Amino acid sequence: MRGHGDGSSRMTASDRADVRSSTAVSSRQQQFEALVRAHSGELYRYAYWLSSDGALAQDLVQETFLRAWRSLDGLRETVAAKAWLTTILRREHARLYERKPMPTTDLADLDLTDTGPSPERQGEDAVMRAAIAKLDPKYREPLVLQVLGGFSCEEIARELGITEAAVMTQVFRARQKLKAMLDGEEREAEIHGLP
Amino acid sequence: MDCLEFRRLLGSEPRVTDPAARAHLESCPRCQDAYARAQALEARIAGALAIAVPEGLADRVLLAQLTEARQRRAKGFRYGWIALAAAAALVVAVGLVVRRPGAIGQALPDLVIAHVNGEERGAMDRRAPVPSADVDRAFADRGVHLASVPEGVSYVHKCPVGGYPTVHMVMPYDDKPVAVIYVTRYRAPGVTNFERGAWEGREVPIADGTLVMVGPSAGGFDRIEHEWRDALQGSAQTAAGSP
Numbered sequence: 535m536r537g538h539g540d541g542s543s544r545m546t547a548s549d550r551a552d553v554r555s556s557t558a559v560s561s562r563q564q565q566f567e568a569l570v571r572a573h574s575g576e577l578y579r580y581a582y583w584l585s586s587d588g589a590l591a592q593d594l595v596q597e598t599f600l601r602a603w604r605s606l607d608g609l610r611e612t613v614a615a616k617a618w619l620t621t622i623l624r625r626e627h628a629r630l631y632e633r634k635p636m637p638t639t640d641l642a643d644l645d646l647t648d649t650g651p652s653p654e655r656q657g658e659d660a661v662m663r664a665a666i667a668k669l670d671p672k673y674r675e676p677l678v679l680q681v682l683g684g685f686s687c688e689e690i691a692r693e694l695g696i697t698e699a700a701v702m703t704q705v706f707r708a709r710q711k712l713k714a715m716l717d718g719e720e721r722e723a724e725i726h727g728l729p
Numbered sequence: 013m014d015c016l017e018f019r020r021l022l023g024s025e026p027r028v029t030d031p032a033a034r035a036h037l038e039s040c041p042r043c044q045d046a047y048a049r050a051q052a053l054e055a056r057i058a059g060a061l062a063i064a065v066p067e068g069l070a071d072r073v074l075l076a077q078l079t080e081a082r083q084r085r086a087k088g089f090r091y092g093w094i095a096l097a098a099a100a101a102l103v104v105a106v107g108l109v110v111r112r113p114g115a116i117g118q119a120l121p122d123l124v125i126a127h128v129n130g131e132e133r134g135a136m137d138r139r140a141p142v143p144s145a146d147v148d149r150a151f152a153d154r155g156v157h158l159a160s161v162p163e164g165v166s167y168v169h170k171c172p173v174g175g176y177p178t179v180h181m182v183m184p185y186d187d188k189p190v191a192v193i194y195v196t197r198y199r200a201p202g203v204t205n206f207e208r209g210a211w212e213g214r215e216v217p218i219a220d221g222t223l224v225m226v227g228p229s230a231g232g233f234d235r236i237e238h239e240w241r242d243a244l245q246g247s248a249q250t251a252a253g254s255p
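Residue numbers (the working numbering), protein chains in the order written: chain A, 535 to 729; chain B, 13 to 255.
If you're looking for bench data, these hints aren't it; they were derived computationally from the structure. Values in this document were obtained by computation on a predicted structure and should not be read as measured data. No residue lacks a Cβ here, since even glycine has one placed at the ideal position from N, Cα and C. Some hints could be false.
Here are some chain B residues the structure puts well away from chain A; computed CB gaps all over 10 Å [said to hold, decoys possible]:
no., residue
1, ARG20
2, PRO31
3, ARG34
4, ASP45
5, ARG56
6, ALA159
7, GLU212
8, PRO228
Label pairs and their calculated CB-CB ranges [what the hints assert, rightly or not]:
no., chain 1, residue 1, chain 2, residue 2, range
9, A, ALA589, B, ASP234, 46 to 54 Å
10, A, ALA628, B, ALA152, 41 to 49 Å
11, A, ARG601, B, ALA152, 46 to 54 Å
12, B, ARG208, A, SER561, 22 to 30 Å
Looking at chain A on its own, in the form it has when it is part of the complex:
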């Protein structure tokens, strides 16, 4: 239901109608829409953890899909779409990184809001997110690809251009570091009498 406000940042019913009418135009468009619906959320999360910036992550996702649209004919198998889109997004992020310095991760700036789980769970997630944000990118990225993207170490190795053994070492160390940080947080909480 649309209102009479500006609504420029959200898609309105009429915009969706435009999308619907245009998707009827070609199967290529339908294929693209299916890709966007299936992968935009996952790509956004990946982009977020890559850039530590919500707005930048949205831009990255949009630019990734625009590039994907331009070369959609190069996508032979739908099952390979996730890896293909991930590669485009990484390249896009690298281009951005070349153009301007990326923001450093400041835990105070991280958006830790989550509307789903209970307050306790939200607190746990916030602690874990802060810990993940502290990880060196070389540990964080393969971990995100593995946990969020569901990629195997072999697939991650291909994506990152390193050996499978190196990926296994990095994700192993990532988990070790997270555990160490979380243990530290919990000890800190115990010292201060926090639950």
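Use these hints to put chain B onto chain A, whose structure you have.
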């Protein structure tokens, strides 16, 4: 596989799909405990990584893509036109003139019809007039100054129609709804009447944009067109017959 190998693998690939590792897991209670702890940690990591996705992200991506696709088509047309112009120059040399209508203009009626069909349910049925200030503000936000605001606008909203910024209104005429959409930044080459299914329509270039009217009949089009000519270019120019 021994416990040390299993623990290394568990830290790298907690899902543990390797058959040898699965076999070890089934036979080793200590590694089963480690496996349970690893799964708990994985669930915690996965939950933390799954940050909220901004609402409407997919829709925004699709809208950006549609806009780009449309711009590319228009650009393609421009390049095509240049080639055509070059060819036309040769044709002119032997006394012929080649003319091609605008590709954007051909698409506009279809875009508008699709938009009207997808607009908010009930928008076309509204009869109570909205305040003139709302109409004036919608145009101002689109960068268009109105000399006056026609009466009888029962719905107004700033809509993107395809890639075009527009002001979408409804103006009932003789108790039948007429969708009136002013497309900014695109001026149609001339007045065109069209029909699409149960809809009749007319597009009219006015000022720097195009007014498109769509309704079940063309009954009110002349009056509405005249009122919006006055509003968009001033009554003096309308009287003087400005195109």
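Going through the hints against the structure:
Look at B/ARG20: its CB is around 7 Å from the nearest CB on chain A, not clear of 10 Å, so calling it non-interface is violated. Separation of B/PRO31 from chain A is adequate, the least Cβ-Cβ distance of about 15 Å exceeding the 10 Å criterion. B/ARG34, annotated as away from the interface, keeps every beta carbon of chain A farther than 10 Å; the closest lies near 16 Å. Here B/ASP45 stays apart from chain A, with its beta-carbon at least about 15 Å from theirs, past the 10 Å limit.
Here B/ARG56 does not stay apart from chain A, with its beta-carbon only about 5 Å from theirs, under the 10 Å limit. At the 10 Å boundary, the C-beta of B/ALA159 stays outside the reach of chain A, the nearest C-beta of that chain being 23 Å off. Even its closest Cβ contact with chain A, about 19 Å, leaves B/GLU212 beyond 10 Å, as expected for a residue assigned away from the interface. With a cut of 10 Å on Cβ distances, B/PRO228 stays outside the contact zone with chain A, its closest approach being about 19 Å.
Distance hint for A/ALA589 and B/ASP234: a CB-CB separation of about 48 Å, consistent with the stated range 46 to 54 Å. About 42 Å separates the C-beta atoms of A/ALA628 and B/ALA152, a value consistent with the hinted range of 41 to 49 Å. Between A/ARG601 and B/ALA152 the beta carbon distance is about 36 Å. The supplied range of 46 to 54 Å is therefore violated. B/ARG208 and A/SER561 have their C-beta atoms about 23 Å apart, which keeps the hinted 22 to 30 Å range intact.
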